[in-house]
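Start from the sequences, fold in the hints, and give me the full structure.
Just so we're on the same page, our numbering is the position in the sequence shown counted from 1, plus 268.
In case anyone wonders, no lab produced these hints; they're calculated from the structure. Owing to the predicted nature of the structure, the values given are computational and were not obtained by experimental measurement. Hints may contain errors.
Cβ-Cβ distance ranges computed for the label pairs, FRET-style [stated by the list, open to error]: (1) R468 / G603: 46 to 54 Å; (2) R468 / E567: 15 to 23 Å; (3) Q319 / G430: 36 to 44 Å.
Idealized CB from N, CA, C, for every residue including glycine.
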Amino acid sequence: MPDDVPLEAAPRAVTREPDAWRWGVGRWEAYFALVLVSTVIYVLAGGEAWQRDAVAAVLLVALAPWYLLLGRRSADRAAPPPATLGYLAGAVVLSGAAAIAAPESSLVLFALCPQAFMMLAWRGAMLTVLALNATPALRFLWESTTVGAVVSFSLWAAVTMGFSAFFGFWVDRIIRQSRERAELIAELRATQAELAAANRRAGAMAERERLAAEIHDTLAQGFTSILMLLQAADSHLDQDPEQARRQISLAAGTARENLAEARALVAALPPAGLESSSLEEALQRLAERFGEEMGIPVEFTTSGPPRRLAAGVEVVLLRAAQEATANIRKHAGAGHVSVRLAYGGDTAVLEVRDDGAGFDPDAAAEAGRGFGLRGMRERVTQVGGRLEVGSAPGEGTVLTVEVPA
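Here it is as structure tokens:
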């Protein structure tokens with residue numbers, strides 16, 4: 269593939285790490301299960317009023333299917349708000365009833381209070397925590413017989429609720445920021461996919477344009493030359509067989525060069541004229557063959573110390589010379605052509621001059637003609653050079669290409 273074609277790196281297999289929040293929900297569920305099982309065992313081990321303990325245990329065990337039915341999706345914040353509120357309301361009722369039956373059941377709140385912050389925003393979670401603690405607190409106050417116990421409980425409740433408020437607010441902020449970042453990452457991935465698709469389309473379009481320019485500058489021009497030579501040979505078959513054979517030989521040589529160019533194009537190799545020779549030699553052969561085909565004098569000269577140029581720059585100069593001679597063949601009717609390659613300090617200049625019919629470049633551009641010139645100008649621009657076409661009707665044409673050396 270040529271250097272001037274934008275290539276997109278092969279798509280890489282992206283290993284997505286599991287979402288941290290989803291990863292954490294499974295471990296929270298294990299924690300909830302541990303707390304629930306521990307609370308049930310602790311309640312049943314009390315032994316003072318086994319009937320009440322059994323009722324409390326049944327109520328606590330009922331929290332498990334209730335969570336699986338409604339709470340799991342709510343913990344992932346994937347459930348609609350009514351389902352989340354319904355689950356938390358049921359948890360408040362079941363845990364409160366268990367606390368009435370057996371005060372030891374309040375240990376399950378170490379699992380239920382964090383759930384409130386996982387499922388609701390901070391304010392709603394705080395109200396839920398108050399509701400979860402309301403029944404155990406009222407029972408304790410109802411059964412307390414001393415002022416000191418009430419004061420101690422009040423201080424403990426204030427510290428606990430304050431810590432819950434602070435910790436819950438912090439957790440809620442983490443959850444919200446994580447979700448915002450997840451949405452941003454999803455948008456970035458979508459944008460990345462769109463850019464990759466756009467790059468693929470741009471690369472495909474650039475490759476099509478490159479192939480169109482290569483085919484126009486090589487194969488199409490070669491076929492035109494072959495056709496003209498064969499037509500000229502046909503007209504000389506009876507009157508001048510020697511001239512006809514010479515033109516057929518030229519057509520065969522052009523066909524061989526065209527075949528070499530086609531193979532180089534398919535293999536994305538340098539032009540056949542540059543694969544095993546210098547730019548000067550390729551231009552010299554082009555000038556000689558063109559003169560033989562047209563039967564006119566074609567002069568090739570060089571100036572300045574010759575040197576190798578970048579591969580892309582040499583291709584541009586050779587293609588420009590091919591396009592210029594093709595246009596002279598088709599349109600100019602010239603009697604003399606000169607091709608000059610000049611090496612400067614940091615530039616190289618190619619000049620192709622003919623004394624043919626000439627044309628009006630502005631009029632041709634307005635009419636939308638001259639695909640070859642447009643393609644040539646794009647090639648020259650891609651290597652940082654410039655192209656000028658000087659012509660007027662009846663005054664011949666001078667094409668000048670200046671590229672960095």
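Going through the hints against the structure:
A C-beta distance of roughly 50 Å is found between R468 and G603, which places it inside the suggested range of 46 to 54 Å. At roughly 47 Å, the beta-carbon separation of R468 and E567 lies outside the given 15 to 23 Å, and the hint is violated. Between Q319 and G430 the CB atoms are about 37 Å apart, so this pair conforms to the stated range of 36 to 44 Å.
Hint compliance for this structure: hint 2 is the single one not met.
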